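Asker: This is what each chain is made of:
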Amino acid sequence: MLITGIKSRPVYDELTPMATGASHVAAAQGSGGEPLVRLLREMDPDQLSATTVLYSVESFTGKNHLADLQDFAVRELVVFPTNADAVSGLDALLATAKMGTRLYLSGSEGFIGTSMQVATSYGMNRDEVLREHAGSFVRRVWCAHCSHYSENVSRRIFRCPGCARHLIVRDHYSGRLAAFQGVKADGEVPGELPENEELDT
Amino acid sequence: MSEAHHGALHLRVKRIEAVTPEINRYTFSAADGSWLPPFSGGSHIRVLIPFEGETRRNAYSLMSSPYDTSEYQIAVRRVEEGKRGSIAMHRDIREGDVLTATIPANLFPVSKHARHHVFIAGGVGVTPIYAQLDELSLKGSSFELHLAVRGPEHAALGHELRERYGDRVVLYGDGDGTRLNSHEILGGLPLGTHAYVCGPSRMVDDVIGAAHAHGWTDSHIHFERFEDLGSTGDPFSVTLARSGAVVEVSPEQSLLEAVEEAGHKLPYLCRGGACGECETEVLELEGTLDHRDDWLSESDRCTNKLIMPCVSRATCTKLVLNA
Ligand code: FES
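Protein sequences, first through last, are from chains A and B. Positions 0 to 200 (numbering that gives the first Met the number 0) are the ones given, in order, by the first sequence. Positions 0 to 322 (numbering that gives the first Met the number 0) are the ones given, in order, by the second sequence.
No wet-lab data here; the hints were simulated from the structure. Errors might be hidden in some of the hints.
[Said to hold, decoys possible] No more than 25 Å apart at the CA atoms, straight line, and that leaves these computed lysine-lysine pairs for DSS-like:
hint	chain 1	residue 1	chain 2	residue 2
1	B	K304	B	K264
2	B	K264	B	K317
3	B	K304	B	K317
4	A	K97	B	K304
5	A	K97	B	K264
6	B	K111	B	K138
[As the list claims (entries may be wrong)] Among chain A residues calculated to face chain B with C-beta under 10 Å, some are:
hint	residue
7	E13
8	P16
9	T19
10	G20
11	R74
12	V78
13	A91
14	T100
15	M115
16	Q116
17	S120
18	R125
19	C162
20	A163
21	R164
[What the hints assert, rightly or not] Just a sample of chain B residues kept apart from chain A, beta carbon distances all over 10 Å, derived:
hint	residue
22	S28
23	R90
24	A113
25	R114
26	K138
27	R161
28	L185
29	G187
30	P189
31	G191
32	H193
33	G214
34	D217
35	H219
36	T287
37	R291
Just so you know, these numbers come straight off a predicted model, no measurement behind them. Ideal Cβ positions, reconstructed from N, Cα and C, are used throughout, including at glycine.
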């Protein structure tokens, strides 16, 4: 079956300070700023001064929480224009980070997924990372035909910018690719597209 | 490859070397001259040692290269107290003798995803690390070893490893007044580092404490205490539903080993609670299961319907398996 209940979709946490950590990195995008503000509010002064915040103002829903984030006495707050820049910023930061670091991620699924790929590449395990989804459930989709990644997909059927095929977004999420899979929508009968719908979950 | 009969291997003692005043190294080959079963770094075997009309079942880490299964090597430290199996190894076993041992099992494997490996050991605790370093150096992985010894005459194994791996091996207590300080060793290490400690409980606790103090999470800390090598615990008996056989599991053998010794077969691969191959259905239970594997989920455990016989045990008056 093409469309099923999403079993492979990641299960998210709620951001809350991980008290055993010696250093903290909190990265968010768009609406993800809100859980981040809540997290920083729960931190004590020592934790705040050991926390680096990375924030991308690129947002699908148009929410910007930068002003609120600037209220906290953190070690450093770095702002990025795009999600891709924030993910590279995270990569550069983790490259020199030490054991004892805790990572907090919040934002769209695509942002959390690609950030998680970076964390995994530095050998971070699930007991060192918390992830909280925020904003709309737009999907990052990987085209099974041309391998193009499309960000912020919100409809069940869309045209792949890579190969111009009509793709149907399957509910299968790959943690490795940090994306949902998109396959040719008129694979059964050429030219006949299944009914389109809003992706809401 | 040498066939394991009822889960047992027959090993001929090829060579015995005294490496320190207390430690002998034994080199074994298969009694029938064939290849021995493969193993990964960190594995141990349990040697059945005849001792004054009884049998001691002592676990020893394999220290030979995992890439050469024509022989196995173990190091045995003579321990006067306790059940004295090591005394019999030193006193009674001669080159040419044949000993029975279990198939290798690994409860102390190296992490596949680590970016850097830090090993900390005391004395004869270095033996599993021998094979682990063989594995890592062939893969080109980054590692360091910190080894504490009780004096220069006890440092022979450490010197051997220094010759192989140079400065990546640091010795403490080798007559130069240095002391192993796990807090210093574990400070400032890069993300993705894994630590492994093998030694007496005191040392293991010290290393775990130091890692936590630096903010490490448990998934990066691996340890093997001398005391709990292998699946040991209170004895219990198990009924195999298909044959109706009742098997007694002694304190020093795993459920899997006991079933094999009684002439029955269960599936297995890792023999260390990691691969899932030996998963067995529990049909009846009066008592509690002692799950020690890394395979079953928390919810599986709670149902008491599944057990991993290679490592897990039970405290029970009745246990019936679908086997
Ligand atoms: S044999 Fe691998 S889990 Fe038991």
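Asker: Taking the earlier hints as the rules, which of them does this structure contradict?
Answerer: Hint check: 4, 5, 7, 8, 11, 12, 13, 15, 16, 19, 20, 21, 24, 25, 28, 29, 30, 31, 32, 33, 34 and 35 fail, others pass.
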